[in-house]
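Participant: So the chains spell out like this:
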Amino acid sequence: MDRSFINKYYPLYIESAVLTVTIGCMGIILSVIIGMLCALCRYYKIPILNAIAAAYTELSRNTPLIVQLFFLFFGLPKAGIVLSPEVCGTVGLAFLGGGYMSESFLSGLVSVKKTHLEAAASLGLNELQTMTNVVFPQAASVSAPAVCANVIFLLKETSVFSAVSLADLMYTAKDLIGMYYSTTEALTMLVIAYLIMILPVSIVFTLLERRMHRAGI
Amino acid sequence: MRGYEVLFAGNNFLRLLGGLWVTIRISLISIGISLVLGVLLGAAMTVRNRAVRAICKIYLEVVRIMPQLVWLFIVFFGITRSTGINLSGEAAAMIVFTIWGTAEMGDLVRGAFISIPKHQYESGLALGLGKAQLYGYVIIPQTIRRLTPNIINLSTRMIKTTALVSLIGVTEVLKVGKQIIDANRYDAPDAALWVYAAIFFMYFIICFPLSVFSKKLSDKFR
Numbered sequence: 001m002d003r004s005f006i007n008k009y010y011p012l013y014i015e016s017a018v019l020t021v022t023i024g025c026m027g028i029i030l031s032v033i034i035g036m037l038c039a040l041c042r043y044y045k046i047p048i049l050n051a052i053a054a055a056y057t058e059l060s061r062n063t064p065l066i067v068q069l070f071f072l073f074f075g076l077p078k079a080g081i082v083l084s085p086e087v088c089g090t091v092g093l094a095f096l097g098g099g100y101m102s103e104s105f106l107s108g109l110v111s112v113k114k115t116h117l118e119a120a121a122s123l124g125l126n127e128l129q130t131m132t133n134v135v136f137p138q139a140a141s142v143s144a145p146a147v148c149a150n151v152i153f154l155l156k157e158t159s160v161f162s163a164v165s166l167a168d169l170m171y172t173a174k175d176l177i178g179m180y181y182s183t184t185e186a187l188t189m190l191v192i193a194y195l196i197m198i199l200p201v202s203i204v205f206t207l208l209e210r211r212m213h214r215a216g217i
Numbered sequence: 218m219r220g221y222e223v224l225f226a227g228n229n230f231l232r233l234l235g236g237l238w239v240t241i242r243i244s245l246i247s248i249g250i251s252l253v254l255g256v257l258l259g260a261a262m263t264v265r266n267r268a269v270r271a272i273c274k275i276y277l278e279v280v281r282i283m284p285q286l287v288w289l290f291i292v293f294f295g296i297t298r299s300t301g302i303n304l305s306g307e308a309a310a311m312i313v314f315t316i317w318g319t320a321e322m323g324d325l326v327r328g329a330f331i332s333i334p335k336h337q338y339e340s341g342l343a344l345g346l347g348k349a350q351l352y353g354y355v356i357i358p359q360t361i362r363r364l365t366p367n368i369i370n371l372s373t374r375m376i377k378t379t380a381l382v383s384l385i386g387v388t389e390v391l392k393v394g395k396q397i398i399d400a401n402r403y404d405a406p407d408a409a410l411w412v413y414a415a416i417f418f419m420y421f422i423i424c425f426p427l428s429v430f431s432k433k434l435s436d437k438f439r
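One line per chain: the protein sequences are G and L, in this order.
All residue numbers for the first sequence refer to the working numbering, where the first residue is 1 and numbers rise by one.
All residue numbers for the second sequence refer to the working numbering, where the first residue is 218 and numbers rise by one.
It should be emphasised that the hints constitute simulated quantities derived from the structure, not laboratory data.
Since we're looking at a predicted model, the values are computed, not measured.
For glycine and all other residues, C-beta sits at the position ideal for the given N, C-alpha and C.
Certain hints may be false.
Output of the computed footprint for chain G on chain L, the stretches with three or more beta carbons under 8 Å from beta carbons of chain G [what the hints assert, rightly or not]:
(1) 271-284
(2) 348-362
(3) 371-384
(4) 415-427
All chains should be modelled from the sequences, with the hints used to inform the complete structure.
Facilitator: Written out as structure tokens, the structure reads:
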């Protein structure tokens, strides 16, 4: 292992890690919003939107991110829609994540028992009050573990971004391997970078889940 | 030539399907091996011995924490560099997906085993069943019921993830698509749109029925 090589090139990794995290966070935030909207459309069976949301969920969940990105980055420009690699990465991750998030949120919503809805109605709560006071708090605690798992899954999926020439961690590693043939160092730094990104999130989510489990929600 | 005509010109569509088969073959072989190893791992994760359980757990977490693409890079570039063994992209992919699949499968098997309520074991024993009978007639049938939908889900995940092998130089469907697009760059400049859309729907057509089937099964067994 060549120390001087690591010292020389680790700033490159920091730079690309920041890019990966930025795009990853934007994609994840967007996917939570999309997922929530889709789940609500499906839960309240809003005509037309319900069908669109269901179709979208299946499409995004049953295709690989790399194929979605290729379509966005190489396919769409031929139809006159040119996206920058950064936008492509964000949109692609949001498209993929939206489907997974929608499924997780929906499973939380449908887990709320019908008797609770009836109880709320008989107490005289209106639609909005039922939603915010009865349905959401229960649904949130049921879907939380799945949503957390999705966030980690999406963070890991960001590794595909290099396919659309985003200078992310994989791109940097491949570049260094190609240029200097110092595979061991490049791969070690790659692994460490991903550990720093994913491990804390994973630990926090595990602790959170354990705590919720103990609280009995 | 219009973009969509490229798809069916000559044997282009067959070539795409051939490319798709390369990834499907990698996933089928990995799924098959991980199924066997995963059952063993899952069984090991439920034993009393703490050391065995800890080792299995560490293996699972280590495999899970890294993106699959990083594992592909480590095996494809790293092993070649450190041992001098020249792995083909396909071989590297099979190794990685088997290691990953085994970990995930093991976790599913463990989950299915511990989800069987204790009274099932006790009632079996109370009825005077021997150990083989208890497992053969009571525990394993229930485990398989709970496991099948999850295994199908994992399989679709693995099929989707094998799309990554194009990044370590395996000529699969995305690479073939790119070749077709490049070959028709001047005759059909908008081929990329149609080819990538076609690949998108190919994956959908494979994975969607599997997802539906797995959902049906898990609803039925509930």
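Participant: Which numbered hints turn out to be false for this structure?
Facilitator: Hint 2 is the one this structure does not satisfy, whereas the remaining hints hold.
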